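**Q** What follows is the residue order along each chain.
Protein chains: 2
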Amino acid sequence: MSKVIWHITMSLDGFISGPDDSMDWAFDRDHSRIADETMNEIRAIVGGRRWYEVAQAKFDGIEGVYGGAWNGPVFVVTHNAPKVTTDPRVTFVPDGIGKALAAAKAEAKGGAVAIFGANVAQQSLALGLVDEIVVHIAPVLLGEGVRLFGGPLAKRIELERRAVDYSGETTDLIFRVKR
Amino acid sequence: MSKVIWHITMSLDGFISGPDDSMDWAFDRDHSRIADETMNEIRAIVGGRRWYEVAQAKFDGIEGVYGGAWNGPVFVVTHNAPKVTTDPRVTFVPDGIGKALAAAKAEAKGGAVAIFGANVAQQSLALGLVDEIVVHIAPVLLGEGVRLFGGPLAKRIELERRAVDYSGETTDLIFRVKR
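Protein chains in written order, with the working numbering: chain A, 70 to 248; chain B, 70 to 248.
Excised from the complex, chain A in its bound form (with noise of 0.2 Å):
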């Protein structure tokens, strides 16, 4: 059974991006025994449309996935799926966030998949599909930008750590989610 992972880093102020979308504080960090590890857990990632986008304009599109070391399958979740897709390894899903999961889950074959972005995972969250948090901690305070959690869906959910990491800049921490 493939274990679904929401894979971040935010901030200590818990925003996952900055103003306009910058993500400058969470580079150029150093990697982590974490998130090597998660990265070679992960066969297929979820994203939203808005992650997808921002992606595609600042970071090389998927190219740029875990700093050019993905190329896996990569299913985007979207109602308006762009008409000409330019790249096999991206699948469109119209039909939301629970089929998404099915499909990556199939993808991967009993290896984990990784969520990303805010929304998708705010979704999934709510319809209790998400097993792990792995959050990065980046040594910054921003104020500003896309939060971690909250909006219309948010509700309290308790968590249990079960790994800290920080042999680098950020500390990287695994969460279980509690059901």
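Think of the hints as simulated: they come from the structure by calculation, not from any bench.
No distinction is drawn between identical chains; accordingly, a pair holds when it is met within one copy or between any pair of copies.
Mimicking SDA-like on lysine to any residue, the simulated pairs with C-alpha atoms at most 25 Å apart in a straight line are:
| hint | residue 1 | residue 2 |
| --- | --- | --- |
| 1 | K224 | E213 |
| 2 | K127 | M92 |
| 3 | K168 | G179 |
| 4 | K168 | K247 |
| 5 | K247 | D234 |
| 6 | K224 | I77 |
| 7 | K247 | D93 |
| 8 | K247 | D89 |
| 9 | K224 | G87 |
| 10 | K247 | G237 |
| 11 | K247 | Y235 |
| 12 | K72 | P142 |
| 13 | K72 | R225 |
| 14 | K168 | D156 |
| 15 | K247 | A95 |
| 16 | K178 | G136 |
| 17 | K224 | D93 |
Being a predicted model, the structure only gives us computed values, none of them experimental.
Please arrange chain B on chain A, whose structure you already have, making use of the hints.
**A** Quick look at chain B alone, frame taken from chain A:
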């Protein structure tokens, strides 16, 4: 020279209190080495009016500070000091956070000063008056409440991690504020 420490417990998603000022998620957690060491360093506390009122309403006032272990001075920044002060340990400071911190430092006699409450902490950060952030990250997503950081004064602030402790249920981090 007294060190100024913003000492705070937050949820993983960056809330320092939940809906209706709830703090139940932050208590009943194990104590940790960093929590104890920080408490032992602190010789005076500066809090905001809102922090003070919530403490009065919900936590036996300053009797409840540090789980009852605190019996030092508390400086409350407020433009509307109550007419009757019932606790000789509490001083109301009407003329701003700078004056309150100066009074607390004088009282701390070289020991550390803790800042409690989001509002005064944000003002202090904006004025460059915070030396360290000691944060206890509770294993919960709250989704709503009072944010750690944000609002009109928020600006990007770089931090340097100094210590990590995960002996208890919270993950405890000490950051130096870069200037």
